[in-house]
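Peer 1: Sequence:
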Amino acid sequence: MNIKVPDFHHFYRGNVKFKTYNGEAVTRNIYAGNISLPSGQIVACDPFVYESTEPFINKVNPGEYPVVLNVVHYLDDDDERIGAAMIRFKESQAVRWEMALKEGQDLSELEEGEAFGYSVDCGVGCFMDDEIYKKYKSILDENPEYDDFIIEEMEKNYVDTRDWANLKIDPLGNIVIFSSGLGDGYYVSYWGYDEKDEICCLVTDFGLYEGNKNRKAALLNQNAELLDPK
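Note that the sequence shown covers residues 1 to 230 in this note's numbering.
Errors might be hidden in some of the hints.
In the BS3-like style, the derived pairs of lysine-lysine whose C-alpha atoms are separated by at most 30 Å in a straight line are [what the hints assert, rightly or not]:
(1) Lys168 with Lys102
(2) Lys168 with Lys196
(3) Lys137 with Lys168
(4) Lys102 with Lys4
(5) Lys90 with Lys17
(6) Lys196 with Lys134
(7) Lys4 with Lys19
(8) Lys59 with Lys134
(9) Lys196 with Lys59
(10) Lys102 with Lys19
(11) Lys90 with Lys59
(12) Lys135 with Lys90
(13) Lys156 with Lys17
Simulated DEER-style distance windows between Cβ atoms [said to hold, decoys possible]:
(14) Asp121 with Glu198: 33 to 39 Å
(15) Val95 with Glu155: 35 to 41 Å
(16) Arg96 with Glu142: 38 to 44 Å
(17) Lys196 with Pro38: 22 to 28 Å
Derived from the structure by calculation, the hints contain no laboratory data. Each residue gets a CB set at the ideal place from its N, CA and C atoms; glycine is no exception.
Generate coordinates for the entire structure from the input sequences, incorporating the hints supplied.
Peer 2: Printed below as a string of structure tokens:
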């Protein structure tokens, strides 16, 4: 199993020009505020499709960490998309990347070009702590109109055609929500490890960088049943 991981730190330098299958683009960064991680277990998902979401196996030290969005600005039509979302745990730079896994997922079961990630059906992804996820799920279950509130908050940061929001869920934590690249799809997250072999960041890749065009991703559930991603 061999997945080509983009050089995220290269694109996160900002003002990086590169060619894409949608024309020439340039990157810049947006600080989306801090995320509170009271348990240190992180959930990444489409926040409107949340019924069976589990946290990643790896844990980080509880605390507050900055979330930085890497924006891809297409120069031909002035369109902007979020190419990646990163939580930074340390200032050090990643020297290697590992796919972020959930309980029951096994890299040895993947075939060439396959990956574990999450499906997006509503054009957005997010980060939140697992404890906050449980509270967030209860809010949506009890108040279906909360979706409308989230959309309104994201629109406050809208630029054609991407948006994001940092929402307080309760006194313990928040959720950071962001547009997912070109929209619906299947997206992979990676842990970045620094020279000390310590986790320094978590990145969700929305498939806009070089080398991603022909990536094949397979969704495997807890029973290792192969499913076709949308």
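Peer 1: State for each hint whether it applies.
Peer 2: Evaluation of the provided hints:
1. Lys168 with Lys102: Satisfied, since the Cα-Cα distance of roughly 25 Å is no more than 30 Å.
2. Lys168 with Lys196: violated (33 Å)
3. Lys137 with Lys168: holds (14 Å)
4. Lys102 with Lys4: Satisfied, since the Cα-Cα distance of roughly 20 Å is no more than 30 Å.
5. Lys90 with Lys17: holds (26 Å)
6. Lys196 with Lys134: violated (33 Å)
7. Lys4 with Lys19: Within the cut-off at roughly 17 Å; holds.
8. Lys59 with Lys134: The hint holds at about 17 Å.
9. Lys196 with Lys59: holds (17 Å)
10. Lys102 with Lys19: Given pair Lys102, Lys19 is violated - Cα atoms ~33 Å apart, limit 30 Å.
11. Lys90 with Lys59: holds (14 Å)
12. Lys135 with Lys90: holds (27 Å)
13. Lys156 with Lys17: Roughly 27 Å between the alpha carbons, so the hint for Lys156 and Lys17 holds.
14. Asp121 with Glu198: 33 to 39 Å: holds (35 Å)
15. Val95 with Glu155: 35 to 41 Å: Given range 35 to 41 Å: holds, Cβ gap about 38 Å.
16. Arg96 with Glu142: 38 to 44 Å: At 43 Å between Cβs, range holds.
17. Lys196 with Pro38: 22 to 28 Å: holds (25 Å)
Hint compliance for this structure: hints 2, 6, 10 are broken, all remaining hints hold.
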